[in-house]
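Undergrad: Could you build all of it, start to finish, from the sequences and the hints given here?
Going down the list, the sequences are from chains A and Z.
Counting the first sequence from 1 gives a position; our numbering is that position plus 582.
Counting the second sequence from 1 gives a position; our numbering is that position plus 51.
No incorrect hints appear here.
Reference listing, derived: stretches of chain A covered by chain Z, where coverage requires no fewer than 3 residues with Cβ under 8 Å from a Cβ of chain Z:
no.	stretch
1	654 to 663
2	670 to 676
3	690 to 701
4	731 to 742
Among the chain A residues that face chain Z by a calculated CB cut under 8 Å, a handful are:
no.	residue
5	Leu637
6	Leu639
7	Glu680
8	Tyr681
9	Leu684
10	Ile687
11	Arg719
Estimated spans, in silico, between C-beta atoms of each pair:
no.	chain 1	residue 1	chain 2	residue 2	range
12	Z	Thr69	A	Glu708	55 to 61 Å
13	Z	Ser192	A	Glu641	47 to 53 Å
14	A	Cys821	Z	Gly154	41 to 47 Å
Simulated from the structure, these hints should not be mistaken for laboratory data.
As the structure is a prediction and not an experimental result, all values here were calculated from the model.
Built from N, CA and C at the ideal position, the CB exists for glycine as well.
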Amino acid sequence: MTSSAAATIALTDVAARRGNTTIWDQGSFDIPQPSITAVIGPNGSGKSTLLHLLLGLLEPYSGTVEVFGSEPREASEQLGFVPQSYHVPGSDYLTVLEYVRLGKIGNQFFWRSPKGMDQQVADAIEAVGLAGYERRRLRHLSGGEQQRAAIAQSLMNQPKTLLMDEPFASLDVRHQQRLAELIHGLRMDHSIGSLVVVHDLNPILPYLDGVIYLLDGHAHYAPTSEAVDEDLLTHLYGCPVQVTRTAQGDIFTRVTGHAP
Amino acid sequence: MIELPTVTVQENWLEILTADFMRQAFIGGIITAVAAGAIGYFVILRQQAFASHALAHIGFPGATAAILLGIPITLGMVTFTVVGAIAMALTGNRLNDRDIATGTILAFATGLGLLFSNIASTAAANVQNVLFGNLLATTTSQLISFAVFLFLICLTIAICYRPLLFTSISPEVARARGLHTGRLNLIFLVTLALTITMAVQVVGVLLVFALIVTPPATALLLTARSLPALFLSIGIGTFAVIGGLVLSALFNLPPTFFIVSITTLLWVIATITRPQNA
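TA: Here you go:
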């Protein structure tokens, strides 16, 4: 079963550095895909750094990073990326259709178009719920819709896993819920996993398989059942956190006091 | 009582339109409009209007130095703009940094241009041509350089069209997908420098916006699709240059004024009449 053995995102004793500063180290985990994983940690703890390592934009200072059994650079076509600043002023002028299409052909020189691209664009737009918006310009979309367009763009190279940097930031509660459902839907209907940097676990908690938490300069991974723990989250955020499990089986976390 | 000069139609305008210098002007102007319309589309998408303005100013001392040394103005211009473009691409990683750095350098460059033009005191008319353009003075050797520039620009766009678009609209994703955003920016800025060199001959250092920014901005008001917008931008610039030269022959006034008036007028009309979803 070599193929299933490689269907993971794996770090082996990785240390991440920027300049001369070690951001975190002792990062060892092996996360089966497709799954939904949250990345949490205080500001500056190296969450985006982790994404950059997986995308091959940053080399590990030590240790090895393996994405689906390959080095990150070689696996870049197997990952979709939705950066935090997904909206760039220049994209205002483009239609959703062209914007999404560039997710497939944007890194190709010359003019050859792959077969079946139009159908793939339509599928990606459909998957994020933007059907009917194809001819609209990005500037006429709401923030949430622009984000969906960015997700559709990232789906165009048929990734196995999406990396999203704080996608819930700047979304209202309803749109947070819709995004969580979209992430869940991609996993269930298209077998696409997601690795999502978040500050608040709650919107994604119902669908979460595991958590990478960056604590005290180290990177750890735990399944959701172990990671959603009062002591751990209290330590992580530096302020008291309560985990509530309702009779219906819902779980949510809340801050119950002030930082010491 | 001041007597206002009157504008009248020249009787020999048809003769002027078919003269040799006019034919040179048409060819030079159209080559420039095609390059500017195409590159300008990316200037808008990449939010680099300021860079085009700056490169024109950086070219100014190049042109005045060329006048001083008695070498072709195009050679002086292109040397300065290309070096300026390379310096811009290599130094500015962040847009804000680049804007301040570019602004500082262009003030210095303009001062340098003033110095050179003062030393070459006999060349006052030439300096005015650099500042405001003089399409009617286009020479055959200039046309040859322009044709080479246009070929290089078209080749670059034909090869790099998609990556240039992608790095303009999703730079972080483009980098993650293996594109060298820095190198592409360098390539783009050098082609912009070639375009600016030509545009200065047509409308001058002070009015390059009219050819580089206004036509694509107008095109983007009228269509959202990228390739039609690019060709429309080329069409608008070309129309302005042709119209400007014809009006210039009719009224014996500088073509620069008419070219800028036409692009501005079209932009105003497009702004007023644009479709709701533009």
